[in-house]
Amino acid sequence: MAADSLLWRIGGGGMLVAALLKITVVPFGEWTLFDFEAGLVWFNAMDVLVWAFVWLVGWGGNSAHALVGGYRFLALAVAYELPLMFALIAPAIAAESLNVGTIVAAQSELWFIVWMPVAFVIYSVGVVAFSVWGPFGSSLGSDIAGGVAAELSGVDRLVFFAGRYGVLVAGAAFAVPLFLGGGSGAFLPEWSWSLLKTVLVLAAFVWIRRKIPLMRPEKFMEVGWMLLIPAGMLQDLLVAMVVVNR
Amino acid sequence: MTLIGDVMFWALGVIAVLSGVAVFWVNSMARATYALAISFVAVGLHLLLLDQAYLGVITILMMVMEMAVMAVYMIMFMGMNPALMPMSMVHDKRLSLVIALVTFALLAAGILLTPWPAGSPAPTEGVTMALGEALMESKMLAMIVLSPVMVATIIAGVSLSLHRGRYDRYGDDLKRPKADDPQPGGVGR
Numbered sequence: 001m002a003a004d005s006l007l008w009r010i011g012g013g014g015m016l017v018a019a020l021l022k023i024t025v026v027p028f029g030e031w032t033l034f035d036f037e038a039g040l041v042w043f044n045a046m047d048v049l050v051w052a053f054v055w056l057v058g059w060g061g062n063s064a065h066a067l068v069g070g071y072r073f074l075a076l077a078v079a080y081e082l083p084l085m086f087a088l089i090a091p092a093i094a095a096e097s098l099n100v101g102t103i104v105a106a107q108s109e110l111w112f113i114v115w116m117p118v119a120f121v122i123y124s125v126g127v128v129a130f131s132v133w134g135p136f137g138s139s140l141g142s143d144i145a146g147g148v149a150a151e152l153s154g155v156d157r158l159v160f161f162a163g164r165y166g167v168l169v170a171g172a173a174f175a176v177p178l179f180l181g182g183g184s185g186a187f188l189p190e191w192s193w194s195l196l197k198t199v200l201v202l203a204a205f206v207w208i209r210r211k212i213p214l215m216r217p218e219k220f221m222e223v224g225w226m227l228l229i230p231a232g233m234l235q236d237l238l239v240a241m242v243v244v245n246r
Numbered sequence: 001m002t003l004i005g006d007v008m009f010w011a012l013g014v015i016a017v018l019s020g021v022a023v024f025w026v027n028s029m030a031r032a033t034y035a036l037a038i039s040f041v042a043v044g045l046h047l048l049l050l051d052q053a054y055l056g057v058i059t060i061l062m063m064v065m066e067m068a069v070m071a072v073y074m075i076m077f078m079g080m081n082p083a084l085m086p087m088s089m090v091h092d093k094r095l096s097l098v099i100a101l102v103t104f105a106l107l108a109a110g111i112l113l114t115p116w117p118a119g120s121p122a123p124t125e126g127v128t129m130a131l132g133e134a135l136m137e138s139k140m141l142a143m144i145v146l147s148p149v150m151v152a153t154i155i156a157g158v159s160l161s162l163h164r165g166r167y168d169r170y171g172d173d174l175k176r177p178k179a180d181d182p183q184p185g186g187v188g189r
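Sequences listed follow chains A and B, in order.
Under our numbering, think of the first position of the first sequence as 1, with each following residue one higher.
Under our numbering, think of the first position of the second sequence as 1, with each following residue one higher.
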């Protein structure tokens, strides 16, 4: 049985493409590359692509360690993706729109992070997890010789890891219009506030990388389904009740 | 639709059909799975061309996710992991061909014989809202019937394939205070 280099290369190159496609719907001040009616769902669809790409890299190399890594990622993905979806729903309910610009506009008086802290935390867990980052990095773990990335070298490795950093940055950038009021702020122009907040969120993600111990996929499964999903649903219920009575 | 729209529509149609054919042509589960994903992504992009923003993106989202879950099933339910080896993607060819042709004929006949509404202008804005209202109002009964059937199917499927049930975890009289799991879960149940 031979390595499937076609699927392997699609997976490795795909991460960066997914990251760039995510950023297209993020508004920076008055500019949005792709001002899409369903921008929130677009972001969600692109982060599901990461499922496919990480697994394909793990599969394509025809290496046992990489394959184990690919399946570790899928196990984590099944646990983090549904809570992440419930977290994404909260700002959409509050803004009554799936358009990212409208979600920003709905925060002109109060940032969503103030009354949706649970959704923000779950969203951040999701971003860190789909970036195979820090506590969710077991599919790239050194205990399985680098896991998914075990067979990657040279430019393949460069592109894969650029894509991995890319999805982390895209996740941090998307938190800004979703929970942190987009470009709103004093003195500076809107686009610079968006960038500044993105850098702050990203710095927090980078900081927690070694602060939280590694999540084992089989343990995090129960955390995701027994804690995060109910918490996310309660948050959505609260937001929906506020919106209905407004 | 504009000329570019027409070209894209037909190109996506060809991609959808060809990658659908590839599902049965290739000899690897991984390639078949992701050929199917490409086919569905092309259909999702079709829906985007028809100005169905939400439906188009949600189709791409669900189908790519589903194919990743398929990769989980590949090793979960297929004994001795033949899924990881090269294998033929067609089984029981004669019956499958008959079923495929009959289904195709039925669906095609349905498309040709349905009296489609003609002449009314397509809604240009608020398509997602209109869809939500249709699902929650005029088509609510269908959704109410569908949901329990789907949930029952999922629960039946899971309970049939379950490796360890509650009697394994909590003992024959279900009185064990803490579940006896080979791998403990994350919240200490």
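FYI, nobody ran anything at the bench for these hints, they're computed from the structure.
Source: prediction; values computed, not measured.
Cβ coordinates follow ideal geometry from the N, Cα and C atoms, glycine included.
Watch out, some of these pointers could steer you wrong.
Beta-carbon label-pair distances, calculated as ranges [claimed, not checked]:
no., chain 1, residue 1, chain 2, residue 2, range
1, B, I111, A, L110, 22 to 32 angstroms
2, B, D168, A, A64, 45 to 55 angstroms
3, A, L237, B, S88, 14 to 24 angstroms
4, B, I75, A, L6, 16 to 26 angstroms
5, A, S153, B, Q183, 25 to 35 angstroms
6, B, M140, A, L200, 43 to 53 angstroms
7, A, L20, B, V90, 32 to 42 angstroms
8, B, K178, A, Y165, 38 to 48 angstroms
9, B, I4, A, I212, 24 to 34 angstroms
Inset, instruction - Enumerate the violated hints, using their earlier numbering and listing them in ascending order. - result: The structure breaks hints 1, 2, 3, 9; every other hint is satisfied.
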